[in-house]
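K.L.:
Residue numbers (my numbering), protein chains in the order written: chain A, 6 to 114; chain B, 3 to 115.
Heads up, a few of these hints could be off.
Said to hold, decoys possible - With a Cα cut of at most 27 Å, we get these calculated BS3-like pairs of lysine-lysine: (1) B:Lys44 / A:Lys75; (2) B:Lys59 / B:Lys80; (3) B:Lys44 / A:Lys74.
Claimed, not checked - Chain B is faced by these chain A residues, among others (derived, beta-carbon under 8 Å): (4) Arg46; (5) Gly47; (6) Phe102.
Just so you know, these hints were derived from the structure itself, not from any lab.
Cβ coordinates follow ideal geometry from the N, Cα and C atoms, glycine included.
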Amino acid sequence: SQQGEEDPQALSIQEGENATMNCSYKTSINNLQWYRQNSGRGLVHLILIRSNEREKHSGRLRVTLDTSKKSSSLLITASRAADTASYFCAPNTGNQFYFGTGTSLTVIP
Amino acid sequence: EPEVTQTPSHQVTQMGQEVILRCVPISNHLYFYWYRQILGQKVEFLVSFYNNEISEKSEIFDDQFSVERPDGSNFTLKIRSTKLEDSAMYFCASRGLSSYEQYFGPGTRLTVT
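Sequences are here, hints too, so could you generate the full structure?
P.N.:
Here is the structure:
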């Protein structure tokens with residue numbers, strides 16, 4: 006399956022620190038996306054990285070992709086309490102998206 | 003900013019009843035999706051829909067489920083005979099032709115008693 010698996014399952018950091026989450030997947034992909042979900046809400050798209058890209062930045066977010074290792078990482082710099090949420094990766098080939106169990110990030114003020 | 007809307011926000015139904023969950027995708031989007039999330043678990047893909055037909059579906063999307071785009075704006079998910087285990091949040095999402103970015107609705111909480 007195309008499902009991504011996020012690691013760690015839970016992460017707790019102090020405000021201002023950086024948070025790094027990892028994603029591993031099993032099949033070849035066209036792109037990989039990261040989403041955020043606040044408790045009980047819908048997912049919000051954060052960033053997309055294509056299979057021919059190795060790194061991408063968006064504000065405080067930095068995503069890397071290593072297709073040889075079938076892995077990606079999401080770095081949130083200078084974290085804020087408002088970043089507290091679950092983060093999911095979605096490796097994508099066709100028109101179906103399989104999310105993993107996510108990384109639950111808690112940023113302590 | 004355009005957004006995906008879903009109604010109702012919460013639906014309570016008895017086991018065996020039919021339910022229809024409604025979604026209004028973003029107006030110029032062409033791909034539509036349904037997902038579900040059982041409390042405390044991951045978001046699970048159900049079905050994708052493009053050009054008035056199902057393009058992909060998961061094992062969860064069995065004969066009890068159907069989707070329809072009855073007009074130019076609504077996208078519905080029907081569960082024919084609900085079971086207790088259908089209790090979950092159901093999310094609709096849509097995307098445009100040239101972008102893989104999906105926009106999610108706020109969800110419908112379905113409670114089957």
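K.L.:
Hints first: check each against the structure and report whether it holds.
P.N.:
The hints, checked one at a time:
no. : hint              : in the structure
1   : B:Lys44 / A:Lys75 : 21 Å, holds
2   : B:Lys59 / B:Lys80 : 14 Å, holds
3   : B:Lys44 / A:Lys74 : 24 Å, holds
4   : Arg46             : 6 Å, holds
5   : Gly47             : 3 Å, holds
6   : Phe102            : 6 Å, holds
In terms of the numbered hints stated before, the structure departs from none.
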